[in-house]
Amino acid sequence: PILYSYFRSSCSWRVRIALALKGIAYDVVPVNLLEDGGQQFSAEFKAVNPMQQVPVLKIDGITLSQSLAIIHYLEDTRPNPRLLPQDPKKKAQVRMIADHIVSGIQPLQNLSVLQQMGEKKMEWAQNCISSGFQALEQTLQHTAGRYCVGDEVSMADLCLVPQVSNAERFKVDMGPYPTITRINKALLELEAFKVSHPSRQPDTPAELRA
Amino acid sequence: LQKLRSQTMKLYSYFRSSAAYRVRIGLNIKGLAYETVPVHLVKNEQQSEDYLKLNPSALVPTLIDGDLTLSQSLSILEYLDEQYPETKLLPSDVQETAKIRAFSQAIACDIHPLNNLRVLKYLKNDLNVSDEQKNYWYQHWIIEGFQNLEQQLQDSNGQFCFGEQATIADCCLIPQVYNAKRFKIDLSAFPKIESIYHHCLSIPAFYNAAPEQQPD
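As you go down the protein sequences, you meet chains V and W in turn.
Residue numbers for the first sequence follow our numbering, beginning at 1 and rising by one.
Residue numbers for the second sequence follow our numbering, beginning at 1001 and rising by one.
Keep in mind that the hints were calculated from the coordinates and are not lab data.
Quantities reported herein were computed from a predicted structural model and do not represent experimental measurements.
Keep in mind that a hint or two might mislead.
Below, simulated SDA-like cross-link-like pairs (lysine to any residue); rule was C-alpha separation at most 25 Å, straight line [what the hints assert, rightly or not]: (1) K22(V) / K1053(W); (2) K1053(W) / A135(V); (3) K46(V) / N1148(W); (4) K89(V) / Y1051(W); (5) K46(V) / K1192(W); (6) K1124(W) / D1186(W); (7) K1121(W) / L114(V); (8) K1124(W) / Q126(V); (9) K89(V) / D1050(W); (10) K1030(W) / Q86(V).
Sample of chain W residues lacking proximity to chain V, with all beta carbon distances greater than 12 Å (derived) [unchecked claim]: (11) T1036; (12) F1103; (13) G1145; (14) E1194; (15) N1208; (16) P1211.
Ideal Cβ placement from N, Cα and C applies to all residues, glycine included.
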């Protein structure tokens, strides 16, 4: 399998975590979203993904985009270890938390949106992340165990860690979100979350390397 | 036969909410009975203490099924599809399903969130953008997004997004096209999207889910 990824893209990071958790070896083709006017806009990358976004995973003879669609495909085809609980209610809660992050928070602060906000960039990003985390902190009161939903790592956790990393980058005060902070810390102790970290990627710049 | 439920499902919905509209279509396609509980977004009813207890994000839709309270339209649709398997919204082919999910995510993550009410209000009230700038913003994400979607629909027969039956992709597309038309965006560059939209609206499950047909 080949993963087109940017070291700091939180969407790419989610997929890297899933691949690591499921023990799937893969090659990385880095796509730098900032250099050369954005390498995702090159003719070469457009041939891989006309949507001009990362992550893209080439696997089993197909090309997939959209992090949650990729992660679900991995779950459907390589079910162990599982990333979704068997209990329907818990499974729904995992998806709900994942969706909350991938549609309710991250898109509002991703690169192409921030580029539209100009000098209001920081204020905007902080506002999106804080309101999203405020709601998430409430939801987690009903669902969390050691991790987002109960005590097993799930798709929700794959989405959480990259989002907390973004929050830190935008200097969001994490004080009001103790549950999110606790879960994030516990997850970062796991190998799959470490090995997929932006500081350890083939395209991580030297000054940001772990 | 659908499982017998002792209580009908409830859907907290706003007639014009795109995300609620997706779920209404899905419920109708699957022939599932539900009770609509209207939440008026422009009047800020989603910020009421009672509603925030159900859904801390202050968004619609929220589905209540027995002891499960669930928000986020895509996770609601996936839950309904697994819990009530008659009339599937996803095929058994996992690769086809991946394409459908990617298409749906492109709408639910890359287009719609940037154009929803909360964001438009923030742009206007907090960032003081003009109406013209706000309309430009709205159009921008739709046009860019629809270019992507039209690409993904190359193999579509023009009736549904993928395959011979309605899927989650259609549940997501139709409300997004409705929004684009409301903002008078020219969709002539997107023939597959237009064709699927018109075909789906001729089907009762889709027609009855439309904003104009809602109790609120």
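Hints, one by one, checked against the model:
Restraint check for K22(V) and K1053(W): not satisfied, since their Cα atoms lie roughly 36 Å apart, outside the 25 Å limit. A C-alpha spacing of about 10 Å is found between K1053(W) and A135(V), which places the hinted pair at or below 25 Å, so the restraint holds. The hinted pair formed by K46(V) and N1148(W) meets the criterion: a straight-line CA distance of about 11 Å does not exceed 25 Å. Restraint check for K89(V) and Y1051(W): satisfied, since their Cα atoms lie roughly 20 Å apart, inside the 25 Å limit.
For the proposed pair K46(V) and K1192(W), the alpha carbon gap of about 21 Å is at most 25 Å, so the pair holds. Restraint check for K1124(W) and D1186(W): satisfied, since their Cα atoms lie roughly 24 Å apart, inside the 25 Å limit. Of the supplied pair hints, the one linking K1121(W) and L114(V) holds, its CA atoms being roughly 17 Å apart against a limit of 25 Å. A threshold of 25 Å between alpha carbons decides the hint, and for K1124(W) with Q126(V) the separation of about 18 Å falls inside it, so the pair holds.
Pair hint K89(V) plus D1050(W) holds up; C-alpha atoms about 22 Å apart against a cutoff of 25 Å. Distance check on the hinted pair: K1030(W) and Q86(V) sit about 22 Å apart at the alpha-carbon level, within 25 Å; holds. The claim that T1036(W) lies off the interface holds: its Cβ sits roughly 20 Å from the closest Cβ of chain V, which is beyond the 12 Å cut-off. Once the 12 Å rule is applied to beta carbons, F1103(W) is inconsistent with being away from chain V; the minimum gap is 8 Å.
Not every CB of chain V is more than 12 Å from the CB of G1145(W) (nearest about 10 Å), against its label as outside the interface. With a minimum CB-CB distance of about 20 Å to chain V, E1194(W) clears the 12 Å threshold, and the non-interface call stands. With a closest Cβ-Cβ approach of about 25 Å to chain V, N1208(W) is found to remain outside the 12 Å limit, as its non-interface label requires. For P1211(W), the condition that its CB be more than 12 Å from all CB atoms of chain V holds, with the nearest at approximately 21 Å.
Hints 1, 12 and 13 from the list above are not met by this structure, while the remaining hints are.
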